[in-house]
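Q: One letter stands for each residue in the lines below.
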Amino acid sequence: MLEVSGLSKRFGHFPAVSAVSFTLRKGEILGLIGPNGSGKSTTFNLIAGAMRPSSGSIRFEGTEIGGLPAHRICRMGLARTFQIPRPFRRLSLMENVMLAANYGNSGTLAKSDAQRRAERALDMVGLPAADGIEGLGAAALKKLELARALATGPRLLLADESLGGLDHAEMEHAALMLETIRTKLGITIVWVEHIMGLLMRIVDRVIVLDHGEKIFEGLPEAAAKDARVTEIYLGHGRRG
Amino acid sequence: MDIYLFEAIINGILLGGVLALLALGLNLIFGVIDVVWICYAELVMCGMYMIFWLHSFFGWPILLASFAAILGVAGLGVLLHLLVISPILGSAPINQLLATGGMLFFLQSLATLLFGTDFRNIGVRLPLIELGDIFISYSRLLAFGTALIGAVALYLFLSRTYLGIAMRAIAQDREIMGLMGVDQRRVYLITSAVGGALAGLAACLLVLQYDVHPFIGLSFGPITFMICVLGGLGNMIGGFIAAFVMSQIIAVGGYYFSIEISYVLAFVFFIVLMFIRPQGLLAR
Amino acid sequence: MAADQNGQRSLGEGAMLTLCNISAGYGSFRALFDVSLEVGAGEAIGVVGPNGAGKSTLMRVISGMLRASSGELVFEGRPLTHVPAHRIVEAGIAHVPEHRRLFARLTVEENLRIGAFLPQARRHYVERSEWVYALFPRLLERRRQLAGTLSGGEQQMVAIGRALMSKPKLLLMDEPSAGLAPLVVDQVFDLVRRIREEGYTVLIVEQNLQQVLDVVDRAYLLEVGRIRLSGLSAELKKNPAIRKAYIGL
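Chains as they are written, first to last, in my numbering: chain H, 1 to 240; chain Y, 1 to 284; chain L, 1 to 249.
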């Protein structure tokens, strides 16, 4: 479904992402992890169209999307959430999601169509449509993010740090929601996260980045035992 | 070189002295507290009125009145910070501009109310020094010398004392000052007092050369801002140098053309430089 | 405040620093939930945990940069819970901030000087600075250099030296190895050992698990804002739960 090859991004001389390649199969949940500064967010942003690659290619269902503007990528069926949700505060909950439903598709949806899609999305994440934006807590805002992404009718969902700012119970719920989205709606998911516990239990495969390079690809259990992965997370012992 | 051109250059340097002092004060406040006192020239105006009032109505000697004015405007600075700036420190910069802008009009109106719109003069005529064919105003020379001493004193304060280092440090990293044992609020108050004192000092020097009236701030306020921006807002050395650059343009332009044209030239120079280097000459 | 089964003293008894049920956050974002720990005089204590665990938030609460929303903080018997940062330094806690936070446009010497801003520290400035320069001879050569022009490791030395200038009783170190090359990291931890030898009590927050556990006596594992584990560092090294906290499995 998604084929990334030789993806690189340089900021000036700094190589944020170096020759990262992987394939995403339809219907899987892939975890993209790595310590701070590993390049996972940059890789995520390259796929989502928020940045242009310096080199390499990203093919979504056979079509090259590297360098395309984010809204076109979205309309092709690839949606993303944002780590820090920023809903339009002057609009109601419903209107926020309806906007996504409309512009994420053709941009010419009838109002009733947009409303229906929005209602379905809100129902999926468990947010009552009648709520206002004011006073929404962290968990509800994350749900709104998901609803907005789902309303665009994606085949591939890029989830950006879906667990940040939530307490333990809310995190469990958010993680399980991603799994439900995959299982019930058949949406393929790439999940970037730095809170490890839940992710490792839910994803099918995991890709580990360190300093912009891919250092591991495979099952979560194998990643946890891999020596290099261990070193980048736990730190290294004395060199001297 | 034409002797009169030389005279113009000298006068330019002397004029630059007081402008540099004003720029130092404004940059100090901005660098440390991160606010722009739009009403800075009006504080100077208050100082000038204080000297006029104490000397003309109470018969104080000029020197004593000058010291009182320096302390008085220092106190005004502290009041300005406590009552106007401190409550809005955390909010959007536009609020500071509006608040200090409001103070500008307030001070002008207050002065008009108290003293009327007449031009007041303290009636001191300092001699002209004759050097060959050129005349140099003694008051200008005195102003330049005092401003230079003030600048040096400020430099020594900022580089040698603990408070001075704290003030320079706050400008670079506000958040961790508490970790050094520095009470931010106290530093802001002292900075406001010093900024006010510099304005008071400038008032002493200006009152010797010019009449005071409620709107005199408009004669040197805008120029002071331009000088600060030209040198890089917050950059003390930049402002200092820019003051002399601008005053030279005004003085030499006044020699070749007229005084009005010279100001136009100065403004044009400023605009052109803003296109070339918008962050200021010596900005980092 | 019951005793912990991992060999920890009862909280509050004879401890230099005690945190009791501290919660804190930034606006609606809660970063710490009911954190309790203690540091005894002369000890070196580590707080470890993965990214985003709240370690830096914990440091900021202790040093007064951030107000706790609930809980108590007691230092040498004095409650310091809502005391502003500059008073906490006065009480004897110095904080070496994350990412060093030097004043880049001041010289090394000026950075150290401002560390001695407190009146009681100013009086002893000369002896303090001599001691710090003895600890970090490289800084003596570079004392008139602008702090921003030094290498990462040297900057870390300045940051630590600056904190030591106030002659603190407790030194807080926030991720001292962050952003430093591996060889320099070794040097930094050697430094921490030396500071300990001089008798300072140290609380280190650190992501590099292996090295910090070699330096401290005891450690706490902080995960998503809560203390999950604590104990002697020798035991923690063997505990699989630590690995699980970092890697998830």
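These are computed hints drawn from the structure, not numbers from a lab. Note that CB positions come from ideal geometry on N, CA and C, so glycine has one too. The reader is advised that the hints may include incorrect statements.
[Said to hold, decoys possible] With a Cα cut of at most 27 Å, we get these calculated DSSO-like pairs of lysine-lysine:
id: 1; chain 1: L; residue 1: 238; chain 2: H; residue 2: 225
id: 2; chain 1: H; residue 1: 26; chain 2: H; residue 2: 111
id: 3; chain 1: H; residue 1: 225; chain 2: L; residue 2: 244
id: 4; chain 1: L; residue 1: 237; chain 2: H; residue 2: 225
id: 5; chain 1: H; residue 1: 225; chain 2: H; residue 2: 111
[As the list claims (entries may be wrong)] Residues from chain Y that keep clear of chain L, each with C-beta distances beyond 10 Å, as calculated:
id: 6; residue: 139
id: 7; residue: 162
id: 8; residue: 165
id: 9; residue: 172
id: 10; residue: 177
id: 11; residue: 178
id: 12; residue: 272
id: 13; residue: 281
[To be verified] Pair by pair, the computed Cβ-Cβ distance ranges are:
id: 14; chain 1: H; residue 1: 126; chain 2: L; residue 2: 104; range: 30 to 38 Å
id: 15; chain 1: L; residue 1: 120; chain 2: Y; residue 2: 6; range: 53 to 61 Å
id: 16; chain 1: L; residue 1: 210; chain 2: Y; residue 2: 279; range: 42 to 50 Å
id: 17; chain 1: Y; residue 1: 218; chain 2: H; residue 2: 91; range: 44 to 52 Å
Q: Now look at each hint and say whether the structure bears it out.
A: Verification of the hints:
no. : hint                         : result
1   : L:238 with H:225             : holds (15 Å)
2   : H:26 with H:111              : violated (31 Å)
3   : H:225 with L:244             : holds (11 Å)
4   : L:237 with H:225             : holds (16 Å)
5   : H:225 with H:111             : violated (52 Å)
6   : 139                          : holds (37 Å)
7   : 162                          : violated (6 Å)
8   : 165                          : violated (5 Å)
9   : 172                          : violated (5 Å)
10  : 177                          : violated (8 Å)
11  : 178                          : violated (3 Å)
12  : 272                          : holds (29 Å)
13  : 281                          : holds (17 Å)
14  : H:126 with L:104: 30 to 38 Å : violated (48 Å)
15  : L:120 with Y:6: 53 to 61 Å   : holds (57 Å)
16  : L:210 with Y:279: 42 to 50 Å : holds (45 Å)
17  : Y:218 with H:91: 44 to 52 Å  : holds (46 Å)
In summary, the numbered hints that this structure violates are 2, 5, 7, 8, 9, 10, 11, 14.
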